[in-house]
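2 protein chains.
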Amino acid sequence: MHRSIQFVGSYSGFFSNSLKLHSFISISALSRTPHSYQQFRASSIRSESNPDVTSPSSSSSASKSPNFKSTDSGRKINFCQLCGGPTKHEIPDDEGKERAICTLCGKISYENPKMVVGCLIEQDNKILLCKRKIQPSYGLWTLPAGYMELGESASEGAIRETWEEARAKVKVISPFAQLDIPLIGHTYLIFLAKLMTPHFSPGPESLECRLFALDDIPYESLSFSSMLITLKLYIEDIKVGKPKFHYGLINKRPGTGPSEIHAYTFDYHLRT
Amino acid sequence: MHRSIQFVGSYSGFFSNSLKLHSFISISALSRTPHSYQQFRASSIRSESNPDVTSPSSSSSASKSPNFKSTDSGRKINFCQLCGGPTKHEIPDDEGKERAICTLCGKISYENPKMVVGCLIEQDNKILLCKRKIQPSYGLWTLPAGYMELGESASEGAIRETWEEARAKVKVISPFAQLDIPLIGHTYLIFLAKLMTPHFSPGPESLECRLFALDDIPYESLSFSSMLITLKLYIEDIKVGKPKFHYGLINKRPGTGPSEIHAYTFDYHLRT
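Just so you know, the sequences run in chain order G and W.
All the letters of the first sequence, read from the start, carry residue numbers 1 to 272 under the numbering used here.
All the letters of the second sequence, read from the start, carry residue numbers 1 to 272 under the numbering used here.
Hints are computed from structural coordinates only; laboratory data are not their basis.
For glycine and all other residues, C-beta sits at the position ideal for the given N, C-alpha and C.
You can take every hint at face value.
To spell it out: a stretch of chain G is covered by chain W in this simulated footprint if at least three of its residues, at any positions, have a beta carbon under 8 Å from a beta carbon of chain W; those stretches are:
| id | stretch |
| --- | --- |
| 1 | 110 to 116 |
| 2 | 245 to 256 |
Incomplete in silico selection of chain G near chain W, CB under 8 Å:
| id | residue |
| --- | --- |
| 3 | Lys-76 |
| 4 | Gln-81 |
| 5 | Asp-94 |
| 6 | Lys-97 |
| 7 | Tyr-147 |
| 8 | Glu-149 |
| 9 | Glu-152 |
| 10 | Ser-153 |
| 11 | Ala-154 |
| 12 | Ser-155 |
| 13 | Pro-175 |
| 14 | Gln-178 |
| 15 | Asp-180 |
| 16 | Thr-187 |
| 17 | Tyr-268 |
| 18 | Leu-270 |
Just chain G, same shape as in the assembly:
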């Protein structure tokens, strides 16, 4: 009996699975524009990069310029989780990508992206934002969101994160956006939601929670590019009608930090 193992670079494995670990990974600066087979083939060399991330300061003080460097995350799987044997890094038979393979039991450790799930809570033409009490992007505003856990659905995870960060009881209304950030191995899944009661207050990871009128959203104090894009898409939709579902790629500029929220291009935007 064997299992696949996923390994994703992150800020720190010591603390939490709740977007404290929001990771920023520097990979090659090759253009990320494929959206068809031919484009994919042309850029497939990029997908062979091995993204990684350095750890920022563990201080809880605000840090807008964490350090990043490009390394090889695969080489951080030094041992097998199952038997403790040392790993070798080779391309297995019938696969096109290098993997960490246990030299004792043969188990392959796979690396896969993570889902970040969250809620865009609409209430009386206002949006609920949380000011982060954790790194990265300490002191900056975010939608309640965090890593999806095993055993839950994306909508359940979004509801759970909203409770943890904003002590708000919400009902999911519809999916709103899927935003891939390949550079850091994250996919954001954002749902539109409504408060079930008017009550909310900061959870342990938030300094403050507040409903913002659409004209008052603090765009220059948002925590992540994903939040900026999500809010922009929502407001564009509201201006011309009702929210759609959006898919797109956030291509962060390699070497930039999470709070450098304008350092991206938004590509392959598809709406339904």
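Once you have looked at the hints, place chain W on chain G.
Using the frame of chain G, we list chain W on its own:
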């Protein structure tokens, strides 16, 4: 510098990351119906389960009844991938869930769900399906799909998997469905796509690839519940207009195998 580690039960870590590893996990049979905060709180005990999976026969012959059992996947993280130290299983400070923590370096190994990305390829009112040459569900029909890799977007992954399984060059048109299967820690992200050339042929993981007219889809020979639901949703949409975007939860009946494709309920179906 520390990293989060994801660990997901799967059929076999020896072979591939390309849905050969489609895992089926038995957890408690508690009703999976939360879609609001109160429902979430009521069933949160379920999310503390530790799903796992046994390995099916490694035979390449068709097997419709693989064995499954409920165990504790977290307890399979016996060693730290970074330093090789033995792990303990405890609830870290500020977290509500048991994690595997390295007793030497303190690194926490996180477990997160995996994304499966694929294409629903429409061509001349027909759909491209692949007959699986791998377990599970050997000999049964599937949309081309597989695990999303680090460093790629969901749409790039869907294009890659389509090439690998059907040697088809496709262009992604729009997102079509997000289907969570919490029981096995999978989220399917399916895109509508078009062939860029009329050519396709079986890749190494397929016995055959074929365009099926909508009336001829082999519903009783499909590989997974996710494929059955995706195709049903598509055909329902086509009958009344054009495809929408669908979100929903596939709640597999605990203890059932991947090819028991009718052993599910489809809950919290949201359309946009």
